[in-house]
Amino acid sequence: MTLTHTVKAFQELSVDELYEFLKLRSEVFVVEQNCVFLDQDDKDQKCHHLLLHSEGKLVGYSRLVPAGLSYEEVSIGRVVSSTAGRGKGLGRKVMEHSIAACEQLFGASDIRIGAQTYALGFYSSLGFKIDGDTYDEDGIEHVEMLRKS
Numbered sequence: 005m006t007l008t009h010t011v012k013a014f015q016e017l018s019v020d021e022l023y024e025f026l027k028l029r030s031e032v033f034v035v036e037q038n039c040v041f042l043d044q045d046d047k048d049q050k051c052h053h054l055l056l057h058s059e060g061k062l063v064g065y066s067r068l069v070p071a072g073l074s075y076e077e078v079s080i081g082r083v084v085s086s087t088a089g090r091g092k093g094l095g096r097k098v099m100e101h102s103i104a105a106c107e108q109l110f111g112a113s114d115i116r117i118g119a120q121t122y123a124l125g126f127y128s129s130l131g132f133k134i135d136g137d138t139y140d141e142d143g144i145e146h147v148e149m150l151r152k153s
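Everything in the sequence shown is counted per our numbering, starting at 5 for the first residue and increasing by one.
Incorrect hints may have been included.
Unchecked claim - Cross-link-like lysine-lysine pairs, in silico, DSSO-like; alpha carbons within 30 Å at most: (1) K97 to K47; (2) K50 to K12; (3) K12 to K152; (4) K50 to K133; (5) K97 to K50; (6) K47 to K12; (7) K47 to K133; (8) K97 to K133; (9) K152 to K97; (10) K12 to K27; (11) K152 to K133; (12) K61 to K12; (13) K133 to K92; (14) K92 to K152; (15) K27 to K97; (16) K12 to K97; (17) K152 to K47; (18) K61 to K92; (19) K61 to K50; (20) K47 to K27; (21) K12 to K92; (22) K133 to K12; (23) K27 to K50; (24) K61 to K47; (25) K27 to K92; (26) K27 to K61; (27) K152 to K50; (28) K61 to K97.
Said to hold, decoys possible - Label-pair ranges, simulated between beta-carbon atoms: (29) G111 to Y23: 15 to 23 Å; (30) D137 to Y23: 32 to 40 Å; (31) T10 to G131: 21 to 29 Å; (32) G118 to A13: 16 to 24 Å; (33) L73 to A104: 18 to 26 Å; (34) Q49 to A123: 22 to 30 Å.
Treat the hints as calculated values from the structure; they're not laboratory data. No residue lacks a Cβ here, since even glycine has one placed at the ideal position from N, Cα and C.
With the hints as extra help, turn the sequences into a complete structure.
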C-alpha cells in the first residue's frame, strides 16, 4: 500500500478534497459512531488539513488546529481513518504526520487533543498523557490529553 499525505490550508483545498474529507468524517463520526452533531463548526476555515491517500483514495485525515481556536495549545482533531483502512496502521501514520506538520506549521509547541477513551493506549504510545477528567461529547466518553514539546 503506497501512502501519500498532503497538508493544506482550507483555502488551498480543492472542492473534491473538501468533499472527500467531509464525507469521510460524516461516515465515521455521524453514521458509524451514531453521533448526531453539526460537523461543520466554523473551525475548518482557520485550520490546516492533513489528507492521507492510498491509490488515489482518502484513507485518513486530521484537522490541525492553531493555538487559541479549540484549546490554549495547538491541537489535532477529527482524526479518522476509513473503515477499509483499519488495522493497517493508518491511524498511526495520520498522527505521526500530523504531529510533524504541527511542528512545521506552528513551531515546537505542546499539542492538546480530546481523545475518545477507547483510544487512550494509542495516543499514549505517541507521547500524549491524560490531562483532565473524562467528559461526554456527543454520547462518547472523551478525555483531554497533552503532548509536551
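Okay, the hints, checked on the actual structure:
Annotation: proposed proximity of K97 to K47 holds, straight-line Cα distance about 23 Å (limit 30 Å). Among the hinted pairs, K50 with K12 is consistent with the structure: their alpha-carbon atoms are about 11 Å apart, no more than 30 Å. Taking the CA atoms of K12 and K152, the gap is near 24 Å; set against the 30 Å cutoff, the hint holds. Of the supplied pair hints, the one linking K50 and K133 holds, its CA atoms being roughly 26 Å apart against a limit of 30 Å.
Of the supplied pair hints, the one linking K97 and K50 holds, its CA atoms being roughly 23 Å apart against a limit of 30 Å. Pair hint K47 plus K12 holds up; C-alpha atoms about 14 Å apart against a cutoff of 30 Å. At roughly 25 Å between alpha-carbon atoms, K47 and K133 fall within 30 Å of each other, so this suggested pair holds. For the suggested pair K97 and K133, the alpha carbons sit about 19 Å apart, so the restraint of at most 30 Å is met.
The suggested pairing of K152 with K97 holds, with an alpha-carbon distance near 19 Å, which does not exceed 30 Å. This hinted pair checks out: K12 and K27 have alpha carbons roughly 17 Å apart, not beyond 30 Å. With a C-alpha separation of about 9 Å, the suggested pairing of K152 with K133 holds against the 30 Å cut-off. For the hint pairing K61 with K12, the CA-to-CA distance comes to about 17 Å; that is within 30 Å, so the pair holds.
Between K133 and K92 the alpha-carbon distance is near 24 Å, which keeps this suggested pair within the 30 Å criterion. For the hint pairing K92 with K152, the CA-to-CA distance comes to about 27 Å; that is within 30 Å, so the pair holds. Straight-line distance between C-alpha atoms of K27 and K97 comes to about 20 Å, which keeps the hinted pair within the 30 Å bound. Restraint check: the Cα-Cα separation between K12 and K97 comes to about 17 Å, which is no more than 30 Å; the hinted pair holds.
Only pairs whose Cα atoms come within 30 Å are accepted, and K152 paired with K47 is accepted, the gap being roughly 23 Å. A hinted pair counts as satisfied when its Cα atoms are at most 30 Å apart, and K61 with K92 qualifies at roughly 15 Å. With a C-alpha separation of about 25 Å, the suggested pair K61 and K50 falls inside the 30 Å cut-off, and the hint holds. Of the pairs offered as hints, the one joining K47 and K27 holds, with about 17 Å between alpha carbons and a cut-off of 30 Å not exceeded.
Distance restraint check for K12 and K92: the Cα-Cα separation of roughly 24 Å lies within the 30 Å cut-off, and the hinted pair is therefore satisfied. Between the alpha carbons of K133 and K12 the distance comes to roughly 28 Å, so the proposed pair stays at or under 30 Å and holds. Among the hinted pairs, K27 with K50 is consistent with the structure: their alpha-carbon atoms are about 19 Å apart, no more than 30 Å. Under the criterion of a C-alpha separation no larger than 30 Å, the hint pairing K61 with K47 is consistent with the structure, at around 24 Å.
Taking the CA atoms of K27 and K92, the gap is about 21 Å. The hint holds against a cut of 30 Å. For a cut-off of 30 Å, the pair hint linking K27 to K61 stands: about 12 Å separates their Cα positions. Distance restraint check for K152 and K50: the Cα-Cα separation of roughly 23 Å lies within the 30 Å cut-off, and the hinted pair is therefore satisfied. For a cut-off of 30 Å, the pair hint linking K61 to K97 stands: about 15 Å separates their Cα positions.
With their beta carbons about 31 Å apart, G111 and Y23 fall outside the hinted range of 15 to 23 Å. Evaluation of the 32 to 40 Å hint for D137 and Y23 yields a pass: the beta carbon distance comes to about 37 Å. As the Cβ distance of T10 to G131 is approximately 24 Å, the hint placing it in 21 to 29 Å holds. The hint said 16 to 24 Å for the Cβ distance between G118 and A13, and at roughly 22 Å that hint holds.
Between L73 and A104 the beta carbons are some 20 Å apart, a value that agrees with the proposed interval 18 to 26 Å. Checked against the hint of 22 to 30 Å, the pair Q49 and A123 passes, with Cβ atoms roughly 27 Å apart.
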